[in-house]
Every structure is written in C-alpha cells, then in structure tokens.
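Each chain is listed here by its residues.
Protein chains: 2
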Amino acid sequence: MARFFLEQEYLRSESVRITGEDAHHISRVLRLKIGDEIECAPGTGEIHVVRLTRVEGDLVEGIIVDSYLSSEESPIITRLYQGLAKGDKMDFTIQKAVELGISEIVPYTSRYTVVKLNQAQQKRRLQRWERIAREAAKQSKRARLPIVQPLVEFSGLLERLEIHRAAGELILIPYEHEKQVRLQDIECSQPKAVSVLIGPEGGFHPTEVAEVVERGAHVITLGPRILRTETAGLVALSLVGYRWGDLA
Amino acid sequence: MARFFLEQEYLRSESVRITGEDAHHISRVLRLKIGDEIECAPGTGEIHVVRLTRVEGDLVEGIIVDSYLSSEESPIITRLYQGLAKGDKMDFTIQKAVELGISEIVPYTSRYTVVKLNQAQQKRRLQRWERIAREAAKQSKRARLPIVQPLVEFSGLLERLEIHRAAGELILIPYEHEKQVRLQDIECSQPKAVSVLIGPEGGFHPTEVAEVVERGAHVITLGPRILRTETAGLVALSLVGYRWGDLA
Numbered sequence: 001m002a003r004f005f006l007e008q009e010y011l012r013s014e015s016v017r018i019t020g021e022d023a024h025h026i027s028r029v030l031r032l033k034i035g036d037e038i039e040c041a042p043g044t045g046e047i048h049v050v051r052l053t054r055v056e057g058d059l060v061e062g063i064i065v066d067s068y069l070s071s072e073e074s075p076i077i078t079r080l081y082q083g084l085a086k087g088d089k090m091d092f093t094i095q096k097a098v099e100l101g102i103s104e105i106v107p108y109t110s111r112y113t114v115v116k117l118n119q120a121q122q123k124r125r126l127q128r129w130e131r132i133a134r135e136a137a138k139q140s141k142r143a144r145l146p147i148v149q150p151l152v153e154f155s156g157l158l159e160r161l162e163i164h165r166a167a168g169e170l171i172l173i174p175y176e177h178e179k180q181v182r183l184q185d186i187e188c189s190q191p192k193a194v195s196v197l198i199g200p201e202g203g204f205h206p207t208e209v210a211e212v213v214e215r216g217a218h219v220i221t222l223g224p225r226i227l228r229t230e231t232a233g234l235v236a237l238s239l240v241g242y243r244w245g246d247l248a
Numbered sequence: 001m002a003r004f005f006l007e008q009e010y011l012r013s014e015s016v017r018i019t020g021e022d023a024h025h026i027s028r029v030l031r032l033k034i035g036d037e038i039e040c041a042p043g044t045g046e047i048h049v050v051r052l053t054r055v056e057g058d059l060v061e062g063i064i065v066d067s068y069l070s071s072e073e074s075p076i077i078t079r080l081y082q083g084l085a086k087g088d089k090m091d092f093t094i095q096k097a098v099e100l101g102i103s104e105i106v107p108y109t110s111r112y113t114v115v116k117l118n119q120a121q122q123k124r125r126l127q128r129w130e131r132i133a134r135e136a137a138k139q140s141k142r143a144r145l146p147i148v149q150p151l152v153e154f155s156g157l158l159e160r161l162e163i164h165r166a167a168g169e170l171i172l173i174p175y176e177h178e179k180q181v182r183l184q185d186i187e188c189s190q191p192k193a194v195s196v197l198i199g200p201e202g203g204f205h206p207t208e209v210a211e212v213v214e215r216g217a218h219v220i221t222l223g224p225r226i227l228r229t230e231t232a233g234l235v236a237l238s239l240v241g242y243r244w245g246d247l248a
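Protein chains in written order, with our numbering: chain A, 1 to 248; chain B, 1 to 248.
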C-alpha cells in the first residue's frame, strides 16, 4: 500500500484531504480509484489507513478506516552530521540514511570542505534534499519524516554537540587516523540518541577532531580500508543500527 | 602513496616494470619522477614499496625497496551474490562492496530480474564492473583485487551455494518477509567465509528462497524498513564486517 506523509492540518478526526503533488501522484501516477486504500503518515509515528472517497486530478479525499502505531521506526534517535560533499554524493547519503532510519541530517562545512554554496544555492539544495528525504521515507515505509537541517558552519556544529552532550547523548566521529578504538569498544548499553559525524571528502583537520572530542565525541575506526565520505556514513549508521537499533 | 595492482609477471625478484594505463597514470596524471615511491600489489595480500628508476610515457620501472603483508584485508572471505539491478546501481554496489573488503562479487539473474542483457552486453558490463572494482580497490587501499564473476543464472548460483555449503561456509539471505531472525541470532562463532545473497529490485520469489534455504542458507531480516537492493547489500556486508570481520 502506497504511503504518504501529510501535514497535520490535512487530517481531520476521521477524514483526510490531499491536494497538490500527492493528489496528483495518487490520481494520475498510481491511478487509484474510489474504494482503494492508502497509508497516511502525519510524521508522528502513527499510520492511518485511508479508504479513498473522492479522486480528482488535484484533490483526493478519504476516510480513516484504521490507525496504528508504526513499528518501522528505530528505537533510538540517530543524527548524521555530514560534511558537505560534491555532486550527487549528498543526494545518495541522504537517501540511504533515511532508509536506515535516520532522525535528522545536518550538512555542515568545515576547513577542508571543497564545495562552496551561496545563499540561493543553499536554499535550492536544501529543498532538493528535503524532497529526496521525503521520497526515500515513502519508499522505505518510514512512519516519521526525517528532518534535513539547513547547512551549518563548523562552529554551529560544535554548538549543537554541546547540546547533545548536555542531554547525555552519544557522539561518534569515525576518523581514518584512529586505528584502535572500534565501535564495540564504546561502553554504552543503550543510548537514547547517537550522532555520527562524517568528514567531507577532504577529511577532518586534526584541530577539528580535537574540538569535537572536547564536546564529548568518541573517535572510532571503521576498519583498515579507506572509505569514501558517502560510504562512511552509511557504514557507521549500519553498525549503530546493529548494536543499538533495529537493524539486526 | 598511490597503489597499483600488478600482474605477477611484471614483478621480478627486485624490480618492477609497468606499462599501459598504469604507466600513463604514474607519468602523466600523478606526474611522478625518478626517485618517487609507489605501492605495488600483486593481488596476493603482499605490498611492495617501489622506488621509480625510469618514468616515460608508457613505461615505468622501479626497484622494490620494501615489502610487507598488508593489514587492509578482512580476516574473513566475503562474497556478494547480487541480483542484476538497473542502471548505475550495480556500479554503486560493486564500488561500495570493494570498499567494504569484499572478496568476490557474483551478479545473477532470477525470476524477478527486470534487466535483460545479451552476450555482448554482458561482456561489456563485466569489463566495466572489473574496472570499477579495480579503481575502488586502489582508492580504498585494498591489497587484494576482488573478483567480479560473469553473470550467472539462478541455477548456477544454486550450484555455487552447494559448493560453499560443502566447504562449511556461511550463507545469508536477507529477505523482507523474514521478521524474526536477525544476524545476531545466527549461531556461528567465526566463519571462514560468508556469502550474502541480495535479491534484484523485484525481490525473491518464495520458491527461490526455499531453494536457497535447501542449500543451507540462513534467512535474516535487516530491520523493519524496506531497503533498496543496492542498500541491502551494503548494510548486510557492514553487519558481517562488524560481527566477524574488521569493520569494528
């Protein structure tokens, strides 16, 4: 059954009203008819099964016939801080992170960031990333819509880490010069949230690693081979999901 | 230091002779000079540090100044059986699997395979995949060159699984309809080899899963969210590397 993320305002007590792109998708692309059912997610973790009562080009209405709490969301909050990367690598990283159950993605710039984006480019890029996150969330049957934050500078990242540390959250930074400490060496039985910091293509400057460690981050290795930036995030999130989440 | 994979015949007892593309790369792209050093891997796991003694357009020679056994290779053999997927998904899967330390990649067709390739296309595609594997192995500093096998049919895959089972190897098949058994439920302290079977975009037919299970495969879940075919392989290999390999 196709799943759609709805703004809360489209959901009334027992009925649903869908307009715009999603309505177009239902009526023209999926060619659903009155009586067909879809799943609607307000993004809260709840899923409503909706039977369609009206299907026109840009207007779809239905009634809620069933509601349940989704089991597709990870028991832990995960955040990916991803150094801004070139070309379609960010698109890829966002799509895969959403499939893996990410809660929040925060792109950032740092000393070795190669890509430069002006304000207008940043805005367009964010819209693109949000669209990719939404599509991936639909396809992978997420119940919550992950948040993609606007691009922050490294100083802004450090401020966020302060907040995470104060909240007792776990912060991990895979670093190619770390050869000893592995994820399984981190002593933490069940964190409520895990933030993973992945460097840009140029990697981290040692000072940046030190600044992050000062905010309580744990430096780890992801093995002896050199991973590309878009691979590193995905591997780290897989391992976090295996150890503490719902991946295995 | 840049790393190159060499055919064994280019390596003499104390000297190295490189021609063709690699020589071009060394002389024209990296613009290395006499006295500069490179790493040469005959693909056996050994690494030779080579000091260049002659650098011309298509001919590079050098002497071996150091040799050591690489620590960049996983302690376990891993094989990825990947259902033939559309467009650049195969390229992506091969690149990432090599970064993760894969030993062998076997593309296969099955009942729900969407892509059809004739003999000529298969040949061209294999050459492309081998090039991608080689590049990824260089970039991620692998010491062994992973093997990409020619496309096999599902019956050929089953024959290979028989051999793996006879050799006491572990076979895993992530399947979206499996909800219970996770990787951590598989009882196996240290397998010498792990094969991971990933379905094509269309997924596995239940009969195919049964046939694979008859050959000793363990059906597992990779969590409650639906993963794309190119994500599933990467996640499964990450988890295998975490539990038994050198990823963490």
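Please note that the accuracy of each hint is not assured.
If several chains are the same, the list does not tell them apart, and a pair holds so long as it fits within one copy or across any two.
Simulated crosslink set (DSS-like; lysine-lysine; CA at most 25 angstroms straight-line) [stated by the list, open to error]: (1) 138 <-> 179; (2) 33 <-> 141; (3) 116 <-> 89; (4) 141 <-> 86; (5) 116 <-> 86.
The set of hints was computed from the structure by calculation and includes no laboratory data.
No experiment lies behind these values; they were computed from the predicted model shown.
Checklist entry - Given identical chains, is residue 141 near residue 86, meaning Cα to Cα at most 25 angstroms, within a copy, between copies, both, or neither? => result between (28 angstroms within a copy, 22 angstroms between copies)
Item to check | 25 angstroms Cα threshold - placement of residue 141 relative to residue 33 | outcome: within (22 angstroms within a copy, 54 angstroms between copies)
Checklist entry - With identical chains treated as interchangeable, where does the CA-CA distance between residue 138 and residue 179 reach 25 angstroms or less: within a copy, between copies, both, or neither? => result between (38 angstroms within a copy, 20 angstroms between copies)
Checklist entry - When no copy is specified for residue 116 and residue 89, does a C-alpha distance of 25 angstroms or less occur within a copy, between copies, both, or neither? => result For residue 116 and residue 89, the Cα distance is within 25 angstroms only inside one copy (15 angstroms; across copies 28 angstroms).
Checklist entry - For the identical chains here, do residue 116 and residue 86 meet the 25 angstroms Cα criterion within one copy, between copies, both, or neither? => result within (10 angstroms within a copy, 32 angstroms between copies)
Every hint, counting from the list given before, is met by this structure.
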